[in-house]
Amino acid sequence: MAELVQYLITGVGVGCAYALLGSGLVVIYRVTRVVNFAQGAVAVLAALTVTTLLAAGLPHGLAEGLGVLLAGAAGLLTGLVATGKPGTTPQAALIVTLGLGVLAYAVEILFWGDQPRSFPGLPGATAGVQTHYLLIASVTALVLAATAVLFARTDLGRALTATAEDPYAARIVGIDVARMGLLAFTVGGALGGLAGVLITPVQQVTFDSDVALVVNGFSAAILGNLTRPGLTLAGGLLLGVVQALAGGYWNTSYQTEVALIFMLVVLVVRAGRLSSVETA
Amino acid sequence: MTALLTVENVTRRFGGVHALRDVALDVCEGETHAVIGPNGAGKSTLFKLIGGQLAATAGTIGYDGARVDRLPPHQRARRGIAIAFQDAPVFRGMTVAENAMVGAHAVTRAGPLAAILRSPRHRREELEIRAAAAEALKRVGLAGWADRPAEDLPLGQQRALQLARALCGRPRLLLLDEPASGLRGPERSALAELIEDLRGSGLSILLVEHDVGFVARLADRVTVLDLGRVIAHGTFARIRVDPAVIAAYLGGAE
Chain V
1 MAELVQYLIT GVGVGCAYAL LGSGLVVIYR VTRVVNFAQG AVAVLAALTV
51 TTLLAAGLPH GLAEGLGVLL AGAAGLLTGL VATGKPGTTP QAALIVTLGL
101 GVLAYAVEIL FWGDQPRSFP GLPGATAGVQ THYLLIASVT ALVLAATAVL
151 FARTDLGRAL TATAEDPYAA RIVGIDVARM GLLAFTVGGA LGGLAGVLIT
201 PVQQVTFDSD VALVVNGFSA AILGNLTRPG LTLAGGLLLG VVQALAGGYW
251 NTSYQTEVAL IFMLVVLVVR AGRLSSVETA
Chain Y
1 MTALLTVENV TRRFGGVHAL RDVALDVCEG ETHAVIGPNG AGKSTLFKLI
51 GGQLAATAGT IGYDGARVDR LPPHQRARRG IAIAFQDAPV FRGMTVAENA
101 MVGAHAVTRA GPLAAILRSP RHRREELEIR AAAAEALKRV GLAGWADRPA
151 EDLPLGQQRA LQLARALCGR PRLLLLDEPA SGLRGPERSA LAELIEDLRG
201 SGLSILLVEH DVGFVARLAD RVTVLDLGRV IAHGTFARIR VDPAVIAAYL
251 GGAE
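Line by line, the protein sequences are chains V and Y.
For the first sequence, the residue numbers in full-length UniProt numbering are 1 to 280.
For the second sequence, the residue numbers in full-length UniProt numbering are 1 to 254.
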């Protein structure tokens, strides 16, 4: 029983990171129709930067904050490179983001080498749960809620939503659509960076950790058709928990595969249901 | 009367085809100016050139004393040129109130950082936007629909919402692209009444319209296009007896 609880907690913690990263993908996709596969690299970059900043003596909080800001800047840069040229199709931009992800490997190995790194998170335990997991869950809840408020209750959010709905009409009513796209890349990058920074204390990070992060984040987002933040959160948590259970009760080498196959089954079942509803 | 919008010698080619050739017209402050013409006359092209969705091959477009023909569409909107109807449908998946509020984006000053940090300035602006949207919705008769999804509105009321959205950007010039198309009789006259009300408040309006009754009722002046050229302009009473106009319409079998 204690084991099960621990697996669930670990799963929710990791799942939060997938949900954050996936939400970043959703924000970017909704506004620009681009799937940003550099999202994982941005998360890793932020995490590795934080290890260096902490080693340089910066206090906790500040170092993590700067890591997230850097991730936002990296997101903006990704957006500029991938979509900066007018008329770039979302498909072409997607390929560019893949390329940027590979480029990030070179940069990361150059600065940080290829060995796993980590940094301490919140120490200790609260009510039998590692405190850092509580931090991950509460920061995720807070940030996703704030993102929802940003989209629902601000002028900027409405402009982003309008761009997502109909970019052509958005431009006509006075919205700078290109700027909205870059903003989405920035916010998305920051969300990805936050995922990397939160998860690193409980899961070491190497230059190629981005694959697991972006694949899981992407599957989480796919559950919500890349457009629904709520389902993305659910998908992230589900993946994290299934992974932790598979790793705990069976074999850690296959935990990612098990979780992804599980997600595939969920998607197939749901697709079957949707099409039977449509034909009915 | 001073001209708010001046279109001078504007030409637009698509490949070797002239969609517009040396077109000139102006819209004075407070005037309602209609552009009519048979299908393919170049009306929509002219609209897209003024709104910024297309660039002119030659010629200039001036607005409020400055050239705007090289500005991107959103900057023209910021200066007070608002477009409603054909090319700018309501945003589905947003409520009626949100749709109206989007229009205010053209005149907001608080930047993205202010929105993300929810600064006091942003909050103040947000309250102003809400008030402006509520007022605009009331003005077009949609006050009771504010929280409904925009896609639920019947077509006539979607048009009213497009006007409310445009009004939230505090425009000086309204470009109305075929306001009456697809509307039935009562909806049509309700919309005409609404546009008359806007004109009464001093807005300058440029409208493209097929419905002759609509044009006769609303327009101070009319410019008639045929095959990309201006073939007549003047009051409706004058152009309706103009031989060139009659020939164009009969030739166009409309």
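FYI, nobody ran anything at the bench for these hints, they're computed from the structure.
Worth double-checking, as some hints may not be accurate.
[As the list claims (entries may be wrong)] Quick list of the computed label-pair ranges, beta carbon to beta carbon:
| # | chain 1 | residue 1 | chain 2 | residue 2 | range |
| --- | --- | --- | --- | --- | --- |
| 1 | V | Val202 | Y | Gln86 | 48 to 56 Å |
| 2 | Y | Glu8 | V | Ala234 | 53 to 61 Å |
| 3 | Y | Gly65 | V | Gly84 | 27 to 35 Å |
| 4 | Y | Leu127 | V | Leu58 | 32 to 40 Å |
| 5 | V | Ala146 | Y | Gln86 | 36 to 44 Å |
| 6 | V | Gln204 | Y | Glu135 | 55 to 63 Å |
| 7 | V | Pro90 | Y | Leu127 | 52 to 60 Å |
[As the list claims (entries may be wrong)] Stretch by stretch, here's where chain Y covers chain V in the computed footprint (C-beta under 8 Å, at least three residues):
| # | stretch |
| --- | --- |
| 8 | 156-165 |
| 9 | 172-178 |
Glycine included, every Cβ here is placed at the ideal spot set by N, Cα and C.
message: Does the beta carbon distance between Gln204(V) and Glu135(Y) stay inside 55 to 63 Å, or does it fall outside?
response: At roughly 57 Å between Cβ atoms, Glu135(Y) and Gln204(V) fall inside 55 to 63 Å, so the hint holds.
message: A range of 52 to 60 Å was offered for this pair. Does it hold for the Cβ distance of Pro90(V) and Leu127(Y)?
response: violated, 36 Å
- request: Could you tell me whether the CB distance from Glu8(Y) to Ala234(V) stays inside 53 to 61 Å?
  value: Roughly 58 Å apart at Cβ, these two residues keep to the hinted range, so it holds.
Coverage criterion applied to the stretch 156-165 of chain V (partner chain Y; beta-carbon cut 8 Å; 3 residues): Check passed, 7 qualifying residues.
task: Report holds or violated for chain Y covering the stretch 172-178 of chain V, Cβ cut-off 8 Å, minimum 3 residues.
output: holds (count 6)
message: Range first: 27 to 35 Å. Now tell me if the beta carbons of Gly65(Y) and Gly84(V) are that far apart.
response: holds, 33 Å
- prompt: Falls inside 32 to 40 Å, the C-beta gap from Leu127(Y) to Leu58(V)?
  reply: holds, 39 Å
message: Quick check: does the Cβ-Cβ distance between Val202(V) and Gln86(Y) fall within 48 to 56 Å?
response: holds, 55 Å
message: Range first: 36 to 44 Å. Now tell me if the beta carbons of Ala146(V) and Gln86(Y) are that far apart.
response: Since the Cβ atoms of Ala146(V) and Gln86(Y) sit about 38 Å apart, the hinted range of 36 to 44 Å holds.
Of the numbered hints listed earlier, the single one contradicted by the structure is hint 7.
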